[in-house]
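The chain contents come next:
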Amino acid sequence: MLYQEAGQLSTSYAAERRTFRLRQDRLGLWLLLGFAFIAVPLLGNDYWFSAILVPLLVLSLAGLGLNLLTGYAGQLSLGSAAFMAVGAFAAYNLQLRVPGLPLLVSFGLGGVIAALVAVLFGLPSLRIKGFYLLVATLAAQFVVEWVLTRFSWFTNDNASGVITSPPLLIAGWDFSSPRGRYLLTLAVVVGLFWLGKNLVRSELGRNWMAVRDMDTAAAVIGIRLFKAKLLAFAISGFYLGIAGSLWAFAYLGTVEPHGFDLSRSFQVLFIIIIGGLGSVLGNFLGAAFIVLFPILLANVCGFLPAGLIDSGQLENIQKMLFGALIIAFLIKEPEGLARLWQRFRQRARVWPLRY
Amino acid sequence: MSAITESVLLRLDDISLSFKGVKAITSISFAVKTGEICALIGPNGAGKSSLLNVINGVYQAQSGSVSYAGQTRRRMRPHQAAERGIARTFQNIALFKGMSVLDNVLTGRNLKRRSSWVEQMLRLGRAPREDDEQRRYAETIIEFLRIHPWRHVLVGKLSYGLQKRVELARALAAEPTLLLLDEPMAGMNAEEKTEMTQFIRDINREFGTTVVLIEHDIGVVMGLCDHVVVLDYGRKIGDGTPEQVRANPEVIAAYLGTRRSRAEAR
Amino acid sequence: MTQTLPQALLLQARTRGTKTALRYKRLGIWQARSWSEVATDVSRLAAALQQLGFSRGDDLLIISQARAEALLLALAAQWLGGSVTLLDPELDNRPLLVRLNPAFVLAEALDSVQQIRDIDQPPRVLLYLDGRGLNAGDDHGLSGYAELFTRIIADAPEPVTEAAATAFVFHPADGQPRPLSHGQLLEGARKLITRESLSAGEEALAARVFAASGQARYLLAPWLSAGFCLNFPEALATRDTDRRELGPTLVLGTRESYARLEHWARERLPLPGTLSHRLYRWAMAPDAQLFRRWIGYWLIRRPLLDVLGMSRLRVPLLVGPALSQESAAFFGALGIHPGSWQEPSVLREPAQAPAHLISHSV
Amino acid sequence: MEFFFEVLIGGLLAGVMYSLVAIGFVLIYKASGVFNFAQGAMVLFAALTFVSLLERGFPFFWAFVVTLASLVVLALLIEKAVLRPLVNRPPIILFMATLGLSYMIEGLAQFLWGAQVHGLELGIADEPLEIRGMLLSQFDLFAAGTAATLVIALSLLFNKTRVGLSLRAVADDPLASLAVGIRLPRIWALVWAVAGFVGLVAGLLWGARLGVQFSLSLVVLKALPVLIIGGFSSIGGAIVGGLIIGAAEKVAEIYLGPVIGSGIENWVPYVLALLFLLVRPAGLFGERAIERV
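Residue numbers (the numbering used here), protein chains in the order written: chain P, 86 to 440; chain G, 72 to 337; chain U, -18 to 343; chain D, 8 to 300.
It cannot be assumed that every hint is accurate.
[What the hints assert, rightly or not] In silico contact screen, one side only, chain D against chain P (beta carbon under 7 Å); selected entries:
id: 1; residue: Phe42
id: 2; residue: Pro92
id: 3; residue: Ala104
id: 4; residue: Gly114
id: 5; residue: Gln117
id: 6; residue: Phe118
id: 7; residue: Ala160
id: 8; residue: Leu163
id: 9; residue: Asn166
id: 10; residue: Ile235
id: 11; residue: Gly268
id: 12; residue: Leu279
id: 13; residue: Leu282
id: 14; residue: Phe283
id: 15; residue: Leu284
No lab work stands behind these hints: they were computed from the structure. Where is the CB? At the ideal position from N, CA and C, for every residue including glycine.
This is chain P alone, in the form it adopts within the complex (with noise of 0.2 Å):
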C-alpha cells in the first residue's frame, strides 16, 4: 500500500538498470541507513553495540562472501573461516611490521592476501566438483589454522597465541569505542554490501550464476569456468578476509586462531542457508537469525523456572533447536528468510490484490 507506481516509468537503461528501480525503495534504503547511522549511535547502548550490532554486521559480510562463492556461483566450501583468519593475521601482521600503514589500508591488504589464499585452495575447483570440493575447502580450514598457530612469527612469538588487536585509529578519529567499533563496521560493511550488489547484477554475477545453474551451458555460451569460479573465490576470500579483519578488530579485540575454528566455517554456511542462497539482503537476514536466536532462547529460558534448564542444558536444547531450524527450512523454505521479504514485497506492490 506504500507503493505508488503509476508514472514511474524507465526511459533509459541506466534508470531500469538501477538497483532499486522504483522510488518507494530508495526512499526506504535511504531511512534505512539513517536510522543506522545516525538513529543507532544515539539511542544504542554498549552491550548493543559489541554483543549484538558488530558480530551481526561482520557476520552478514562474511556471509556476503561465502554467498558469492557458494550462492552465486555454485561452488561449495567450508573453509570461510579460514579465510577470515588469513585477513585477520595479515591485517595484524601488516599493523604490527608497516609502520604507519593507516587501519582500513590492511585491512583492504588483509583482503587482498585473503583472496590469493582462496584462489589457491580454489584451484582444484576446476578439476573438481561438489562435495569433492568441499573436502578441499576443508583442507584449507585445518591447513591454515596449523599455520598459524605452528608458526609463532604470525602471532608475534606471543606465548598465548591470543594478541590483543591494536586500537581502532583511523585518520587520528578513535574507533575503540563500542560506539566507534559499530560506526567503523557499519561503514565497511554498508560500502562492501553496496560493490557485491553491482557484482551480482553484472556481467561476472551473471556468469557465476549461470556456472552455478547448468555449467556445461555456460562453457558452450562462452563463458571461461575457469576464470569465473575462481573470480568467485578470490572476491569471496577478499570479503572473508575483511570480515576477518574486521571481527578480530572490532569485534573480539584479539586475533587469535581459534576465533577462527570449524565451528565458525558452519556458522557461516548457516547464515547462508537461513538467509537464502543467493541473495544479498538474505546475509544479513541470517546473520541477525543467527545472532538474535540463542540471545532470544536464552531470555526465553530465563523466565522458566529457576534450576528447571541449566546453561549446559540450554547449550544442547539451542544445538537441537537450531539443527531442527536448518532442516526446517531447507523443507519449507529453501530460499531462505530473503525470499519471504521478496514474497512480502511483491504482495505489498500488488496490495490489495494478490497478485
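Based on these hints, arrange chains G, U and D on the given structure of chain P.
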C-alpha cells in the same frame, strides 16, 4: 530463400566417437555451406546430438577432424567454439533457471564484453555505456523472437515452447556465424512449430546465420532445409537436398519408413 | 483555425513542438516522440505515400492493433486528402475485403497479410509493420513500413484543407459504410475538450485497435486538438502492467473493456474469508462516514487504484452502452464514473455497432 | 626398516578405524545419494548411549541391543522427517540438511547423557604384541578383525539377501527400482539403520580408544579424505582409502613431524586426498559420469 554461397563453413572429416568402447559415431564426414540450413535427421540414438557435441567441442572425437571457417582443429573446448562464432541450443532445454529471460539472453552476449569486472562493479569507465549497448542488442533479439512480454520473468516460470524460444534467443545474442539447434521443435504443437520454423528461416535470412539443426518432423525438415544429412546407428546413410534424400532408397528403408510407422503410432 | 487533422497536427508542432506527443515502449524502455518529430514523420510518410501513387480521394486500409506507426501512416494518408479505413486484425475481414478490394493496404503482421492474400485481385501497395515469417517476393508490391522513409525524393505537398474531406470510413456489420469528415471529428473533439476540460497535460492511453469509430472521434481527434500525450501499451499481454507504469489521466473504453478490467481485478482480489477480504469489503462499502472513507481510501482504494493504473485517472470515457451493474458499482466505489459521451447526430451509432466491432481500449 | 614397517602397519591398523566410519557414509551415499555429514554424530550418539546404558547397569549384550534399537528408531525418524520431505532436492541441500541433523543428534546425545567424558572398557588389553620383531597394538589387531568381519557381513548382506539386491538396485537407479516396486522409504530407513549399526561398532572401538566424548563426532572429519580417496560409492574404496590415510598419517607424523612440526595429522590426510583428486577426480574406485547434453 537464404543466400547460400559455395564456400564451405563447416566440414566434418571421418569423425568417430565412442563412450567406454560403445560406438556412438562411426567415421562420419559431411560439409555445410555458408548460409545454408542443414538438417541432421535419423532415428533416436543415431548419434545426432553427439555429432553436435563434437562440432562445438562438448565431446572430443577419438578420430577425425572438424574444420570450421577454414581452420582445422583436432580438439576444441566449448568456449573456444563459442569464441569462433558457434552457438547452440540443447535437446532438453539448458537455460539458467535462476535468472530472468533478459538475463539469460544477456549471458549469451558475455563474449562481446570489453570492460573488466572491476569497472562493472564500480560502474565506472566504459562499463555503463557498454551495459546499454549489451541491453539494446539483447532487446532487439528479444523483440525479434517476440518474447518481450516476458522480459523480466524467471525462465523457469515460462511454458515449454517459450523456454525453447528463450534458449534460441540466448544463442542468437552471441551473433553466431553457425547456429546448432538440437531438436528446436521437440514437444511443440503444430502452431508453435510453424512459428519456430518462421523464426529459423528469418534468422537465416536476416542475420545470414548458417544453421545446422536436428529435427524429427520430416514435413518441417523438407520445408525448411536446403541440405539434409541422414544418420542411422552412427553412420551416414544419406546426404543431399531434401529431394535427393527423399528419393534415396536406403534412407527410405532405414529411416523414413520407421518414422512413418512411429508417427502413426503417435 | 484548423480545418483538418493534419493542420491540427502542424499547429501543435508549431505551438508546442518539443512537448511529448506519443509514448510507446521499444527495446524495453519508453520512447517519446515530440509533436515536431511526429509532424515531420507524417509529412515524410505523406511524401512516400504520394510516390507510391496515393493521392486525394484514395483510401488507405489499415489492419492493425493500435500502434504508433499505424497512426502516423493514417495521418499521412489524410494529409494527402485520402481517407483511412480501420479494421480489427482479430476479426475475419475477408468478406469485407473482397467487397472493398483495396488498393493501398497497411497490414500489421503475417496473419493480416494472409487475409489480404486471399483477395483475388492483390492491392497496388501492401505495407507491413512486422515482417516475421513473411518473405518479400511472393507478394506483389509487398514492402516494409520502415522502407517508406528510405526512398523519399520529393517533399510532401501542403496538407489537405477541406474540412468536408473524409478522414475515416468505418464498416459496421450492418454494411452501411459510415464516413467521418475532418470537420465532424474536430467538431466532436472541441465539444469533448470543453465538456471534459481536457488540457495539453493529459496522458491518454491509446486503444488496442482503432477499428471502432469511437477511437477516432474521442481519442485521435482530441489528441490532435488538445495536444496531450498519447501512450501505447507495449503488448496485449502486458497492457495492464503498462497501464500502471504509464498512469494515464484519460482512458477511453467500452462496456466490455471496463468489464474486462473489473474481472481482471476481481479474480486477483483477496479470497473470501480472509482478513484482507473483509478489510476490502469494509473499505469499498458505499456512503460510509468520513473517518471510515478516509481509512478505507488509504488502506485499500488508493493502492487498488494504483495497481489498476488509475491513480491519476481524471477522465474515464465510455463509448457505447452503459456499464453493467457490478462494473459501475466496482469503479464507482473507487470514485471512477465513466460518463457516456455521444453526439446527438450519431446518438445510436455505437449502440448499434455489434459488440465484436467495439474496440477494447482500457 | 623394522621400525618403518612397525609404523606403517600401526598406521594401517589405525586406518581400519577410519574405514569403519567411512563405510557408514558409503552405505548411505550409495542408497540415497546423501552425503551424510551426520555420520560422526551418529557414532557419538551410539557410543554415548551404549556407555551410559552400561553405566546404568545394563549387561553388555542388552546395552548393545537397546542402543541398536534406538539407532533404528533414529533412522526411521530421519527417513520420515528429513529424507522424505527433501526427496528430489539437489544433493547440496540434502548435505546441508545432514549438517543440521548432526547438530540435532549431537545436541540430543549430550542432552540425554550429559557432556562429560566416559571411559569405555571392551575387555581387550591394549598391551603391544610382538610379531616378528615388530610391536603391534593388540587393540588395533582386534579392531582390524572386527572391521574385517563387519565388511564380510555387509558384503554378504548386499550380495546374498533380497534386501541387499534391492539395495543395489536403488543405488544403481532409484527411478527404475521404484518402477519394479521397491519401496524406497523402507530401503532408506534400513540403510540408515545399518549405517547406524556400523556407527555403533565404530563408536565402541573409537570410544575405547579415546574415551566416549563429544570429540568422537569429529571422526567424521577423518573419514572425509578417506572417502575422497576411495570414492563415495565403493565400500572396498572406503577400506583401501582408510588404510592409505592411516598409514600416510602415521608415517608423516613420524618422519615429517620432526621436520615441519607436530599436529600435522589434522591436515595431512586432506592434502593427500587433494593430490589424489588432481590425479583421479572421482577417487580410486568412483565412477566418472559422462555428461549428456
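Comparing the hints with the structure gives:
At about 5 Å, the closest approach between the beta carbon of Phe42(D) and any beta carbon in chain P falls short of 7 Å, and the interface hint on this residue holds. Hint status for Pro92(D): holds, given a least beta-carbon distance of 4 Å to chain P, under 7 Å. Here the hint on Ala104(D) is kept, as its CB sits about 5 Å from the closest CB of chain P, short of 7 Å. Among the interface hints, the one on Gly114(D) holds; its C-beta lies about 3 Å from the nearest C-beta in chain P, closer than the 7 Å criterion.
Because the smallest distance between the Cβ of Gln117(D) and any Cβ of chain P comes to about 5 Å, under 7 Å, the interface hint for this residue holds. The restraint placing Phe118(D) at the interface with chain P holds, with a minimum CB-CB distance near 4 Å, inside the 7 Å limit. Among the interface hints, the one on Ala160(D) is violated; its C-beta lies about 27 Å from the nearest C-beta in chain P, farther than the 7 Å criterion. The interface hint given for Leu163(D) is broken, as the beta carbon of that residue sits about 29 Å from the closest beta carbon of chain P, more than 7 Å.
The beta carbon of Asn166(D) comes no nearer than 27 Å to any beta carbon in chain P, farther than 7 Å, and the hint placing it at the interface is violated. Checking Ile235(D) against chain P by beta carbon gives a least distance of about 5 Å; that is within 7 Å, so the hint holds. Among the interface hints, the one on Gly268(D) holds; its C-beta lies about 5 Å from the nearest C-beta in chain P, closer than the 7 Å criterion. Because the closest C-beta pair between Leu279(D) and chain P is about 9 Å apart, greater than 7 Å, the hint is violated.
Annotation: Leu282(D) was flagged as interfacial toward chain P, and the flag is violated, the nearest CB pair being 10 Å apart, outside 7 Å. The interface hint given for Phe283(D) is violated, since its Cβ lies 10 Å from the closest Cβ of chain P, which is over the 7 Å cut-off. With a least beta-carbon distance of about 5 Å to chain P, the hint placing Leu284(D) at the interface is held under the 7 Å criterion.
Checked against the numbered hints listed earlier, the structure breaks hints 7, 8, 9, 12, 13 and 14; every other hint is satisfied.
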